[in-house]
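Just so you know, the sequences run in chain order S and E. The first sequence lines up with residues 326 to 439 when you count with my numbering. The second sequence lines up with residues 296 to 405 when you count with my numbering.
Think of the hints as simulated: they come from the structure by calculation, not from any bench. Among the clues, some could well be false.
[As the list claims (entries may be wrong)] Which stretches of chain E does chain S cover? Using the computed rule of at least three CB atoms under 8 Å from a CB of chain S, they are: (1) 308 to 321; (2) 334 to 347.
[Claimed, not checked] Anything over 12 Å on all C-beta distances counts as not near chain S; from chain E, calculated: (3) I299; (4) M305; (5) Y330; (6) G353; (7) F358; (8) K363; (9) K371; (10) Q374; (11) M375; (12) C383; (13) K404.
Even for Gly, the Cβ is constructed at its ideal location relative to N, Cα and C.
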Amino acid sequence: SQTIHQWPATLVQPVGSPLSLECTVEGTSNPNLYWYRQAAGRGLQLLFYSVGIGQISSEVPQNLSASRPQDRQFILSSKKLLLSDSGFYLCAFFSRDRGETEAFFGQGTRLTVV
Amino acid sequence: GQNIDQPTEMTATEGAIVQINCTYQTSGFNGLFWYQQHAGEAPTFLSYNVLDGLEEKGRFSSFLSRSKGYSYLLLKELQMKDSASYLCAVRDRSNYQLIWGAGTKLIIKP
Numbered sequence: 326s327q328t329i330h331q332w333p334a335t336l337v338q339p340v341g342s343p344l345s346l347e348c349t350v351e352g353t354s355n356p357n358l359y360w361y362r363q364a365a366g367r368g369l370q371l372l373f374y375s376v377g378i379g380q381i382s383s384e385v386p387q388n389l390s391a392s393r394p395q396d397r398q399f400i401l402s403s404k405k406l407l408l409s410d411s412g413f414y415l416c417a418f419f420s421r422d423r424g425e426t427e428a429f430f431g432q433g434t435r436l437t438v439v
Numbered sequence: 296g297q298n299i300d301q302p303t304e305m306t307a308t309e310g311a312i313v314q315i316n317c318t319y320q321t322s323g324f325n326g327l328f329w330y331q332q333h334a335g336e337a338p339t340f341l342s343y344n345v346l347d348g349l350e351e352k353g354r355f356s357s358f359l360s361r362s363k364g365y366s367y368l369l370l371k372e373l374q375m376k377d378s379a380s381y382l383c384a385v386r387d388r389s390n391y392q393l394i395w396g397a398g399t400k401l402i403i404k405p
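Turn these sequences into a full structure, and let the hints steer you where they fit.
In structure tokens:
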């Protein structure tokens, strides 16, 4: 079965500290991977997506970066966090087995920058 | 431009029926999704419509009219656990990305 793992679930970081959120997928190969951010009471904002190893597209210029070192691994990073980086971060992939008609989400990471 | 509109909040009674509407504008339509999201959790998939008409899945149904840029999610026999936010998302054909609505918070009262 196809699963997606994202960690950590919660994170409290001081302003100016680095960030690394990791997401891994199982049960599928060559998935399209996504990082979203959701502010309280808002929809999902696409941050980055990747169609393959080393291929990253950025949708919003910001303080964050993403990398895909392996086929089923997607990492969201920052060198220096800002207060505005606080939010709920979600990793997702579309299931190719179902004609990409269903997106699977990781459990999410609640990031609070203090 | 691309835009999705859905009501911010709705209230319904346990056991009743509720319809959550979603209107969208997109340059190239390639499917509409409905997701349920409980507070503090990740969204979970409910339905996918790409052709006009009604898709039924248990207590939940989703309708699509591409000519009107309109969809609704119908929830029957409401249960307290249905209290959640319901997100509408449209996939853009040009870049295959999802455009998300802000979500409708559904409050179920006994």
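Comparing the hints with the structure gives:
Remark: the region 308 to 321 of chain E is not confirmed as covered by chain S, as 0 of its residues place a Cβ nearer than 8 Å to a Cβ of that chain, below the required three. Coverage of the region 334 to 347 of chain E by chain S holds. Counting CB-CB distances below 8 Å, 8 residues qualify, and the rule asks for three or more. Not every C-beta of chain S lies more than 12 Å from that of I299/E, the closest at about 8 Å, which undercuts listing it as non-interface. Interface exclusion of M305/E from chain S stands, the closest Cβ pair being 14 Å apart, more than 12 Å.
With a closest Cβ-Cβ approach of about 8 Å to chain S, Y330/E is found to fall inside the 12 Å limit, against its non-interface label. In this structure G353/E is separated from chain S by more than 12 Å, as the shortest Cβ-Cβ distance comes to about 16 Å. Separation of F358/E from chain S is adequate, the least Cβ-Cβ distance of about 17 Å exceeding the 12 Å criterion. Non-interface call for K363/E relative to chain S: holds, since the shortest CB-CB distance, roughly 21 Å, exceeds 12 Å.
The Cβ of K371/E lies farther than 12 Å from every Cβ of chain S, with a closest approach of about 22 Å, so its non-interface assignment holds. Residue placement check: Q374/E keeps its beta carbon more than 12 Å from all beta carbons of chain S (closest about 23 Å). Every Cβ of chain S is farther than 12 Å from the Cβ of M375/E; the closest lies at roughly 21 Å, confirming the non-interface assignment. The claim that C383/E lies off the interface is violated: its Cβ sits roughly 9 Å from the closest Cβ of chain S, which falls inside the 12 Å cut-off.
At the 12 Å boundary, the C-beta of K404/E stays outside the reach of chain S, the nearest C-beta of that chain being 20 Å off.
The earlier numbered hints that this structure contradicts are 1, 3, 5 and 12.
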